[in-house]
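Peer 1: What follows is each chain in one-letter form.
2 protein chains.
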Amino acid sequence: MGTEAKTEDRRHLRSALTRQKLLASAKKVFLEEGFQKATISQMINDAKIGYGTAYVHFQGKEDLLRVLMENVMEQFYEIAAISFTPQTKEEALRTIRHQTLAFLKMAEAERNMMRIFEQAIGVSTVIADKWKAIREQFIESIACDIAYSQQHGLARKDLNHLLVARGWFYMNEMYLWEIVRDEQQSTVEEIAATITELYTTGLYL
Amino acid sequence: MGTEAKTEDRRHLRSALTRQKLLASAKKVFLEEGFQKATISQMINDAKIGYGTAYVHFQGKEDLLRVLMENVMEQFYEIAAISFTPQTKEEALRTIRHQTLAFLKMAEAERNMMRIFEQAIGVSTVIADKWKAIREQFIESIACDIAYSQQHGLARKDLNHLLVARGWFYMNEMYLWEIVRDEQQSTVEEIAATITELYTTGLYL
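These protein sequence lines are chains A and B, in that order. Going by the UniProt record's numbering, the residue at position 48 of the first sequence is 48; the numbering climbs one at a time, nothing skipped. Going by the UniProt record's numbering, the residue at position 160 of the second sequence is 160; the numbering climbs one at a time, nothing skipped.
Hints are computed from structural coordinates only; laboratory data are not their basis. A hint or two may mislead.
The list treats identical chains as one, so a pair stands whether inside a single copy or across any two.
[What the hints assert, rightly or not] Calculated cross-link-like contacts (lysine-lysine; reagent style DSBU-like; alpha-carbon spacing at most 30 Å): (1) 27 / 157; (2) 105 / 21; (3) 27 / 132; (4) 48 / 28; (5) 89 / 27; (6) 21 / 6; (7) 37 / 89; (8) 157 / 21.
Bear in mind the structure is a predicted one, so any value in this text is a computation, not a measurement.
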């Protein structure tokens with residue numbers, strides 16, 4: 001490898017590290033101050049990097065939160081993206097039960113950052129739009145799973161899979177926010193078991 | 001009736017009329033300006049009443065919107081409060097189908113004011129708390145209906161009626177906001193029919 005290529009590599013590495021440092025500081029400041037009171041200056045100071053460098057990476061605190069949101073939600077996506085090719089109804093139900101519980105458990109585990117997201121969704125168009133995009137990705141993934149089940153004779157075909165997917169995600173999402181706010185009146189396990197039973201009995205043959 | 005009683009009556013009537021005038025002006029100003037930009041001064045001026053008189057009735061614009069929200073939601077309550085004492089599963093399904101459709105149709109009919117409510121829920125604690133109280137009333141009413149159906153052998157008893165009621169309302173609520181924003185991708189009729197089928201098949205025997 002030539003000297004030029006090595007220099008290029010080092011530059012990329014330094015850039016990635018700066019970005020990571022700034023994201024870590026942003027997370028810390030958001031958790032301490034809440035979305036509204038947090039400022040990008042606090043984040044830049046905490047990361048001990050230059051203002052000019054910081055603004056190369058992010059345009060403002062909303063931009064930083066958008067990336068933090070993507071990072072947290074990626075863990076949720078991994079649950080949703082579990083390969084869904086069940087051979088039997090029982091296999092389908094097992095997977096859905098597992099996904100629902102993991103989804104709501106994740107809300108519990110990520111409660112502090114999710115609370116910041118909820119604050120931000122209420123006041124920032126950038127974050128509200130990002131949340132909407134995330135929601136649509138989940139709904140699409142669920143819709144695919146339903147279509148698979150319908151095509152393989154496991155689920156009833158008289159229901160529009162897109163509308164069912166949306167309704168089912170909405171039920172999960174509202175329970176997710178309830179759990180984030182720590183307002184749920186039952187255990188996460190009972191919530192997951194109950195809504196999964198209702199949904200799968202309603203949809204599967 | 002003595003003169004004193006008559007004077008008292010007139011005073012009450014005048015007070016009620018002032019209140020109604022102010023609410024009508026508040027509605028008008030909210031619809032024109034949106035929640036954030038609307039001011040109580042605009043409302044008082046539009047109603048052509050004195051500032052002192054206005055503040056006897058309402059403490060501020062949030063207080064006015066809270067009452068407007070109650071008034072709109074009362075129409076929804078009337079749907080939810082339809083006497084629910086079905087003798088058969090078919091009767092239960094018919095009523096639920098009718099309620100769900102009426103609920104979502106109402107969102108469509110009251111779209112403009114509901115949009116103001118949605119804006120306000122995001123930024124005002126008073127309005128957000130009011131919405132939560134409204135939601136709990138709906139959930140309670142649904143939970144009663146489910147308990148009735150379970151006690152009369154129409155619905156399965158292995159599901160916690162409170163958790164089912166909450167999940168079902170959440171599904172309806174999220175579709176309600178979608179319809180309010182005019183973002184729904186199907187007709188209100190198809191949405192209502194699909195989610196009712198999913199729910200009733202999941203819950204009823």
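Peer 1: Run every hint past the structure and note whether it holds.
Peer 2: These are the hints, each one checked on the structure:
Proximity of residue 27 and residue 157 under a CA criterion of 30 Å is satisfied in neither setting, with 45 Å inside one chain copy and 45 Å between copies. Taking CA atoms no more than 30 Å apart as the test, residue 105 paired with residue 21 passes inside one copy only; the shortest distance there is 28 Å, against 50 Å between copies. Proximity of residue 27 to residue 132 under the C-alpha cut-off of 30 Å is found in both arrangements, the shortest distances being 21 Å within a copy and 29 Å between copies. Proximity of residue 48 and residue 28 under a CA criterion of 30 Å is satisfied intra-copy only: 14 Å inside one chain copy versus 51 Å between copies.
Taking the closest pair of Cα atoms, residue 89 and residue 27 never come within 30 Å of each other, the shortest separation being 42 Å inside a single copy and 52 Å across copies. When the C-alpha separation of residue 21 and residue 6 is checked against a cutoff of 30 Å, the pair qualifies only within one copy, where the shortest distance is 22 Å, while the shortest distance between copies is 75 Å. Proximity of residue 37 and residue 89 under a CA criterion of 30 Å is satisfied in neither setting, with 49 Å inside one chain copy and 53 Å between copies. In this assembly of identical chains, residue 157 and residue 21 lie within 30 Å of each other by CA distance neither inside one copy nor across copies; the values are 50 Å within and 53 Å between.
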